[in-house]
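Take the sequence shown: its letter number 132 is residue 132 in my numbering, and every next letter is one higher.
Hints were generated in silico from the structure; no laboratory data involved. Idealized CB from N, CA, C, for every residue including glycine. Among the hints, erroneous ones may be present.
To be verified - With a Cα cut of at most 20 Å, we get these calculated EDC-like pairs of lysine to aspartate or glutamate: (1) Lys169 <-> Glu156; (2) Lys159 <-> Glu375; (3) Lys338 <-> Glu264; (4) Lys159 <-> Glu171; (5) Lys245 <-> Asp275; (6) Lys2 <-> Glu146; (7) Lys245 <-> Glu319; (8) Lys2 <-> Asp275; (9) Lys356 <-> Glu181; (10) Lys338 <-> Glu319; (11) Lys383 <-> Glu132; (12) Lys169 <-> Glu127; (13) Lys245 <-> Glu127; (14) Lys356 <-> Glu319; (15) Lys159 <-> Glu181; (16) Lys159 <-> Glu319; (17) Lys139 <-> Glu127.
Said to hold, decoys possible - Okay, the calculated beta carbon distance ranges per label pair: (18) Gln255 <-> Asp38: 35 to 43 Å; (19) Arg95 <-> Val260: 54 to 62 Å; (20) Pro126 <-> Leu183: 30 to 38 Å; (21) Pro18 <-> Gln86: 42 to 50 Å; (22) Gly263 <-> Gln86: 32 to 40 Å.
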Amino acid sequence: MKDGLMQVAFNATALLSPLTGIGQYAHHLALGLQQVGDVNANFFYGSGWNAEVRTKPLPSVTTIKTLVHWLLPNSYGVARTLQQRQFSKGTQRTRYDIYHEPNFLAYRFDGPSAITVHDLSWIRFPEMHPVERVRAMDKYFQPGLERASLILTDSEFVKRELIDVFGVKPERIHPVLLGVEALFHPRSADETRAVLDAHGLVHGQFILAVGTLEPRKNLAVALRAFMQLPPPLRKRFPLVLVGMKGWRTSALEQQIAPLVAAGEIRQLGYLPRQDLATIIAGATTLIYPSIYEGFGLPPLEAMACGVPVITSNVSSIPEVVGDTGLMLDPQDVDGFAKGMEALLAAPDVRDAMARKALARSTQFTWASCVSQTVEAYRLVLNKS
């Protein structure tokens, strides 16, 4: 350590694209590290280093990434080779006590390293990912996992997955639950009106689904369940989809299109965080039938907004939701339909669920996530 400060090298490339779950994790952890008195973190952005936490790439970085993607085969492999060189230059120039890779695929580093593993979905459900991603994960993940001095996971579930699939010794794995930012809190109809009006929505009169449009989020089940609701109920409580377009969605989009035209589904795409928090707070309920999660931020964000959750009973989701939501088999279309209809008809039940969910959400904070992560760093460094 230099001057009594723990020198942390942090790969921040996950911050350089629209922030979904992993990006949010990296963002809040990076910001939190800057607040720890005896930690000095420096952030790697693919082409260089900076002491600032950024969420937008430099124009030159964007241009290079675009050219590499379109002009070269194996674009990820080429980009990774270039980034490894830049990363190594920085770690040779500055002595770091530990390197943290918050996004699965660790660079080579001569010293203690920490890696965060968010899930093993590309192994459990490879058919739900782009082929190129599965190839990259298969090639680069395990070497970094084997080199890691510390393995962090978002849940006990992912710890069990690593033990089961890779035979990792339990003592190497430290589950650290994620947090929810203060931006997500209950709001009155007056507080949500401006944002909801802009999207043609009414406070407390819509069903919400949040997540990238991709197979693992299982929006097809949400859609089929919604279509089982009586037509008057669908008109009164439209299904609102929030999230960027992902992959393998053509069939789903064909099903959505006529319902959008009929006004029964609203597709809002990717939203800024402030708008997302407001939309969630205005929802009647969140439906989240995901097939597999390493944590599941949207249910937690809904809980923090005092919105009842109807979700899956698999993977990590029970660790987050506990007994505060309605949890079902992710393929139980009838169950999701009946759950939505029952909640829409029972404001008192919704209110009771919302109170329990809000109380439970206070157990999940980014401050705790940061402090536990730094403590795990210290445990590793004390052994080295």
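Evaluation of the provided hints:
Annotation: proposed proximity of Lys169 to Glu156 holds, straight-line Cα distance about 14 Å (limit 20 Å). Proposed proximity of Lys159 and Glu375 is supported: the alpha carbons are some 18 Å apart, at most 20 Å. For the hint linking Lys338 to Glu264, the alpha-carbon distance of about 18 Å falls within 20 Å, and the restraint holds. At most 20 Å may separate the alpha-carbon atoms for a hinted pair to count; Lys159 and Glu171 meet this at roughly 10 Å.
A distance of roughly 18 Å separates the Cα atoms of Lys245 and Asp275; the hinted pair therefore holds under the 20 Å criterion. A threshold of 20 Å between alpha carbons decides the hint, and for Lys2 with Glu146 the separation of about 28 Å lies outside it, so the pair is violated. A threshold of 20 Å between alpha carbons decides the hint, and for Lys245 with Glu319 the separation of about 27 Å lies outside it, so the pair is violated. For the suggested pair Lys2 and Asp275, the alpha carbons sit about 42 Å apart, so the restraint of at most 20 Å is broken.
With a C-alpha separation of about 18 Å, the suggested pairing of Lys356 with Glu181 holds against the 20 Å cut-off. Distance check on the hinted pair: Lys338 and Glu319 sit about 24 Å apart at the alpha-carbon level, beyond 20 Å; violated. With a C-alpha separation of about 38 Å, the suggested pairing of Lys383 with Glu132 is violated against the 20 Å cut-off. Our distance criterion of 20 Å between C-alpha atoms is broken by Lys169 and Glu127, whose separation comes to about 28 Å.
For the hint pairing Lys245 with Glu127, the CA-to-CA distance comes to about 17 Å; that is within 20 Å, so the pair holds. Restraint check: the Cα-Cα separation between Lys356 and Glu319 comes to about 15 Å, which is no more than 20 Å; the hinted pair holds. With a CA separation close to 24 Å, the supplied pair Lys159 and Glu181 exceeds the 20 Å bound. The suggested pairing of Lys159 with Glu319 holds, with an alpha-carbon distance near 13 Å, which does not exceed 20 Å.
Simply put, Lys139 and Glu127 have alpha-carbon atoms about 17 Å apart, close enough for the 20 Å limit, and the pair holds. For the pair Gln255 and Asp38, the supplied restraint of 35 to 43 Å is violated, since their beta-carbon distance comes to about 54 Å. Separation of Arg95 from Val260 is about 55 Å and conforms to the stated range, judged on CB atoms against 54 to 62 Å. Distance hint check for Pro126 and Leu183: the Cβ-Cβ separation is about 34 Å, which falls inside the suggested range of 30 to 38 Å.
At about 23 Å, the CB distance of Pro18 to Gln86 disagrees with the hint of 42 to 50 Å. Distance hint check for Gly263 and Gln86: the Cβ-Cβ separation is about 50 Å, which falls outside the suggested range of 32 to 40 Å.
When held up to the earlier numbered hints, the structure conflicts with 6, 7, 8, 10, 11, 12, 15, 18, 21 and 22 and fits the remainder.
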